[in-house]
Each structure stands twice: as structure tokens, then as C-alpha cells.
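Q: Sequence:
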Amino acid sequence: MKGALWYQNKGEIDILTIELPVSHFLVQESQNELLEKYEGQSINLDDGKLTIIHGLAILPEPLRGYLELANHLDKINAIIQSGSNFSLDPFPNRPLKNPLRASASAATI
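So for the sequence shown, this note's numbering puts the first residue at 14; every next one is plus one.
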């Protein structure tokens, strides 16, 4: 976790998104442990840097991927419809608001 936070190179993170395997996500104790360990905490990255995590969003692993897909449907459909790909049909393009894009300083681990 510290390596991922160090790589983000941010002193503060409004919302840190952590994805868990569905089997772990369904166990409330796993979520509570992560909330206690990271939410509202200053994490020492061992090189003199601190990262403050204000909020934590815990999601089941596949959900973030679906949200990212929804954010890029126009580009994906343009590639599919360009004629260079004959094996896929375009995705239905329905507006889907990504609740994790609310902050410019959100990070996903």
C-alpha cells in the first residue's frame, strides 16, 4: 500500500478507493479494518513524506472496471464502429455517473 501511495505523489487524498475481492468485500470486518487503518490517517511513506487520506471508498473488484468502461464508452464505440473491428457490436451508450470522479485528488489502489 505504501508503494502505491508513494507513487501517487500526493500529500492529501480526498477519497482513496480500495478494491477487494468480492469474497472479502462481503465480510464487514474486512471493510472495518481498512476504514480504521486508513480513513482520516496520515501515512508515513518512510522517506519523510506523509500522505493524508481523508476518505475511503471500498468497492468490490469488478465495480471500478465497469465504472471506467462507462466513462470511455464513446471512445470504445468509435473504435468498434470505425470498421477496423468486425467481432464486436457497439455498447449501449447510457449515461452513468461515476461517483468516484467527484474529486480531483481521488486515488485508486
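Just so you know, these hints were derived from the structure itself, not from any lab.
The reader is advised that the hints may include incorrect statements.
[To be verified] Cross-link-like lysine-lysine pairs, in silico, DSS-like; alpha carbons within 27 Å at most:
| hint | residue 1 | residue 2 |
| --- | --- | --- |
| 1 | Lys50 | Lys88 |
| 2 | Lys88 | Lys62 |
| 3 | Lys23 | Lys50 |
| 4 | Lys15 | Lys62 |
| 5 | Lys50 | Lys62 |
[What the hints assert, rightly or not] So the derived label-pair ranges between C-beta atoms look like this:
| hint | residue 1 | residue 2 | range |
| --- | --- | --- | --- |
| 6 | Lys88 | Lys62 | 30 to 36 Å |
| 7 | Gln44 | Gly16 | 19 to 25 Å |
| 8 | Lys15 | Ala70 | 15 to 21 Å |
| 9 | Ser95 | Glu49 | 20 to 26 Å |
| 10 | Asp27 | Pro73 | 19 to 25 Å |
| 11 | Lys50 | Gln94 | 18 to 24 Å |
| 12 | Ala91 | Glu52 | 25 to 31 Å |
| 13 | Ile89 | Leu48 | 29 to 35 Å |
| 14 | Ala83 | Met14 | 40 to 46 Å |
| 15 | Ile89 | Leu58 | 20 to 26 Å |
| 16 | Ile89 | Val35 | 37 to 43 Å |
| 17 | Gln94 | His67 | 38 to 44 Å |
| 18 | Ser95 | Val35 | 33 to 39 Å |
| 19 | Asp59 | Leu39 | 39 to 45 Å |
Every residue gets a Cβ at the ideal spot worked out from N, C-alpha and C, and that includes glycine.
Q: Does the structure keep Lys88 and Lys62 at a Cα separation of 27 Å or less?
A: violated (37 Å)
Q: So the hint says 15 to 21 Å: do the beta-carbon atoms of Lys15 and Ala70 match that?
A: Taking Cβ atoms as reference, Lys15 and Ala70 lie about 19 Å apart, which means the hint holds.
Q: Mind checking the hinted window 38 to 44 Å against the Cβ distance between Gln94 and His67?
A: The hint (38 to 44 Å, Cβ to Cβ) holds, given that Gln94 and His67 are roughly 41 Å apart.
Q: Can the suggested window of 37 to 43 Å be confirmed for the beta-carbon pair Ile89 and Val35?
A: violated (25 Å)
Q: Just to be sure I understand the hint, the distance between the Cβ atoms of Ala83 and Met14 should be within 40 to 46 Å; is that true here?
A: violated (27 Å)
Q: Taking 18 to 24 Å as the stated bounds, is the beta-carbon spacing between Lys50 and Gln94 within them?
A: Since Lys50 and Gln94 have Cβ atoms about 46 Å apart, the given range 18 to 24 Å is violated.
Q: Please check whether Lys88 and Lys62 have a Cβ separation lying inside 30 to 36 Å.
A: holds (35 Å)
Q: Confirm or reject the claim that Asp59 and Leu39 have a C-beta distance inside 39 to 45 Å.
A: violated (33 Å)
Q: Could you tell me whether the CB distance from Ala91 to Glu52 stays inside 25 to 31 Å?
A: violated (39 Å)
Q: Hinted pair, alpha-carbon criterion (27 Å max): Lys50, Lys62. Please report holds or violated.
A: Roughly 18 Å separates the two Cα atoms, so the pair holds.
Q: Ile89 and Leu58, beta-carbon distance inside 20 to 26 Å?
A: Distance hint for Ile89, Leu58 is violated at roughly 36 Å.
Q: With the threshold set at 27 Å, check whether the alpha-carbon distance from Lys50 to Lys88 stays at or below it.
A: violated (38 Å)
The structure is inconsistent with the numbered hints 1, 2, 9, 11, 12, 14, 15, 16, 19, although it conforms to all the rest.
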